[in-house]
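Engineer: Each chain, letter by letter, is given below.
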Amino acid sequence: MQTATVSSLKFYDCNALIGRPAIPRFFPDPVSGEVLLREMDRIGVESAVVTHVAAREYSPRVGNDLLVDAVSVEPRLTGCMTLLPDHTDELWDTAAVLNELKRRDARCVRLFPSESLHRYPLDHRVLGDLFEVLESARVPTLLDFDLGRRDEADWRALYDLADRYPLLPMIIIRPGGRSDRGLYPLLKRSPNVSVETGGYWVHRGIERICERFGAERLVYGSGFPYWTMSGAAFHVASARVSASEKMAIASGNLEALMSGVSL
Amino acid sequence: MIHEFRPFTKATPIIDAHAHMGSYRNFNIPWNDADGMIEQMDAAGIDLACVSHHASISADHTYGNSIIRAAVSQHPGRFLGYCVINPNYPESASSEIEKCFATGSFAGFKAHPELHGNYPLNGPGYEPMWKYADAHGLPVLFHSYFGGDQLAIFESLANLYPGATLLLGHAGLDLGLDNAVALTTRVDNVVLDMTAMQRHCWAVEYLAARASSERLVWGSDSPFIDPTPMLGAIALAAIPEGVRDAILYHNMARILRIDLQS
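Protein chains in written order, with this note's numbering: chain V, 1 to 263; chain G, 1 to 262.
Errors might be hidden in some of the hints.
[Claimed, not checked] Beyond 10 angstroms from chain V on every Cβ pair, some chain G residues (computed):
1. A59
2. P90
3. G117
4. K131
5. Y161
6. M230
[Stated by the list, open to error] Derived CB-CB ranges, DEER-like:
7. N88/G with Y58/V: 42 to 50 angstroms
8. A22/V with N118/G: 29 to 37 angstroms
9. L117/V with Q74/G: 45 to 53 angstroms
10. D93/V with E241/G: 35 to 43 angstroms
11. D60/G with A137/V: 53 to 61 angstroms
12. S73/G with S116/V: 43 to 51 angstroms
13. S262/V with D174/G: 44 to 52 angstroms
14. Q74/G with R164/V: 48 to 56 angstroms
15. S23/G with S116/V: 29 to 37 angstroms
16. T185/G with D29/V: 23 to 31 angstroms
[Stated by the list, open to error] Computed footprint of chain V on chain G; a stretch qualifies when at least three of its residues, placed anywhere within it, have a C-beta under 8 angstroms from a C-beta of chain V:
17. 23-32
18. 40-52
19. 220-229
20. 235-242
Source of the hints: derived by calculation from the structure; they are not laboratory data. Everything numeric in this text was worked out from a predicted model, so none of it was measured. Even for Gly, the Cβ is constructed at its ideal location relative to N, Cα and C.
Starting from the given sequences, assemble the full structure and let the hints guide the process.
Structural biologist: Structure representation (structure tokens):
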């Protein structure tokens, strides 16, 4: 018996990282663009939106620059810039963000608001100006709470921000397996919100979201090299949804979001 | 050239050594009953799941065991039960064990010390379970976690009950994989259950390179977790085919003394 089959399934990963994690758990090598591509080839993943580990674990300014150097020569990889609110002048002025993205050939941004990482309130009084700018260009915005296995995303903040910026495409990274009771109300009220599949391991959760909210609300992502690319891809490939829904989740939805960006 | 996903073709039946059933207080679990699980097992290619009920590891072990008994009876060949006793109710342990193993629906035990009040595995409430498993050559799958019993406790139980096979849940990830692997070299009856730790990138390859291939089994935690990302991490792991087959089938078939290939 063959499992996980679907013809011509092309994957586009919204959540791949390169760099040198402070605590390498099991993956043996620092992840360069070449190492990432090697794993993508092994699993059969066509392309990826890439965040730099140093932007997550050290400094967005440094990590974003390192990322440009690493991905600019590889057409299968697209840079994802990690942002901070501009009140403390640590990164770019909000007014300059779109130009910085264009200059770096990046079409996607990522926020790490949790206390363990970049530590700021996910609130319109902190991020409102930035979200207005991102919304104006429809820049896909990855929201990553760096959740532990039993943690909970800041749902109230997400309800509020998704209401205030209804044209800003938001992708919730790794909402976890215990998230439906907070996630479903968000998906119900806010069509601009999608979920990364690799960090959403609810039993038959892909099927239920397709049934309740539509396949366009799911975007394939792996979290490599923190999390397994193999399991994340197999998860989507094995889902009990139609071939067209599966292809949308694997790559079509992210392609559509990225093609909607106007910088 | 488009790089397309490379599907997996299984070479053996697949046994899920660590699954559950039913709803759970803490979060939504769609299609969590036996029928819903079988549909997902079929989608993934899982032949047999060893199951304990979520009610058993939380509020009412006798209710949970009864649901498992019915599920195994209604779906022969797809499920085998893990009997759960709640160590906080020691007076009912022997009768519950007798009831479970009278039917042939149960093939071992599951203990979840964390959800039963961090009860120690070597406490008196678990003693009837260990003695029965030891006497009948049964596996005992137990949850491991940061705040729980340490590896030295597992080692002492393995030595005290040599007839039982200790399935160390989550491969002892929270206690250090290298420490868990070392434990398997000191005792013959500890096997590492790789459930959920597979989601960490390259954890499967890391463990397969260090532990004897005979001391690893695959589990999903389904429906606590969807089984497909857990299976994919083994199915597509960069490990020798023989090791993959041992993890997915041969080792658990040996422990359960069953043959799904003939």
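Engineer: Are the hints correct? Go through all of them and say.
Structural biologist: Right, here's what the structure says about each hint:
For A59/G, the non-interface assignment is confirmed: its Cβ lies about 18 angstroms from the closest Cβ of chain V, beyond the 10 angstroms cut-off. Separation of P90/G from chain V is adequate, the least Cβ-Cβ distance of about 29 angstroms exceeding the 10 angstroms criterion. The beta carbon of G117/G sits about 17 angstroms from the closest Cβ of chain V, which is more than 10 angstroms, so the claim that it is off the interface holds. Distance check for K131/G against chain V: the nearest CB is about 33 angstroms away, which clears 10 angstroms, and the non-interface claim stands.
Taking the minimum C-beta to C-beta distance to chain V, about 30 angstroms, the non-interface status of Y161/G holds against the 10 angstroms cut. For M230/G, the requirement that its beta carbon stay farther than 10 angstroms from each beta carbon of chain V is not met, with the minimum near 6 angstroms. At about 47 angstroms, the beta-carbon gap between N88/G and Y58/V stays in the expected band of 42 to 50 angstroms. Remark: the range hint 29 to 37 angstroms for A22/V to N118/G is upheld by a beta-carbon distance near 31 angstroms.
Restraint check, L117/V to Q74/G: a C-beta distance of roughly 48 angstroms satisfies the suggested window 45 to 53 angstroms. Taking the beta carbon of each, D93/V and E241/G are about 55 angstroms apart, not inside 35 to 43 angstroms as hinted. The hint said 53 to 61 angstroms for the Cβ distance between D60/G and A137/V, and at roughly 55 angstroms that hint holds. The given range of 43 to 51 angstroms is respected by S73/G and S116/V, whose C-beta atoms sit roughly 47 angstroms from each other.
Taken as a hint, the range 44 to 52 angstroms holds for the pair S262/V and D174/G, whose Cβ atoms sit roughly 47 angstroms apart. Separated by about 50 angstroms at the C-beta atoms, Q74/G and R164/V satisfy the suggested range of 48 to 56 angstroms. Between S23/G and S116/V the Cβ separation comes to about 31 angstroms, which falls inside the hinted range of 29 to 37 angstroms. The supplied range of 23 to 31 angstroms is met by T185/G and D29/V, whose beta-carbon atoms lie about 27 angstroms from each other.
Residue count for the stretch 23-32 of chain G with a Cβ under 8 angstroms from a Cβ of chain V: 7. That meets the three needed, and the coverage hint holds. A stretch counts as covered by a chain when three or more of its residues have a beta carbon under 8 angstroms from one of that chain; for the stretch 40-52 of chain G and chain V the count is 4, and the coverage holds. Look at the stretch 220-229 of chain G against chain V: 8 of its residues bring a Cβ nearer than 8 angstroms to a Cβ of that chain, three or more, so the hint holds. Interface restraint, the stretch 235-242 of chain G with chain V: holds (4 residues with C-beta to C-beta distance below 8 angstroms; minimum three).
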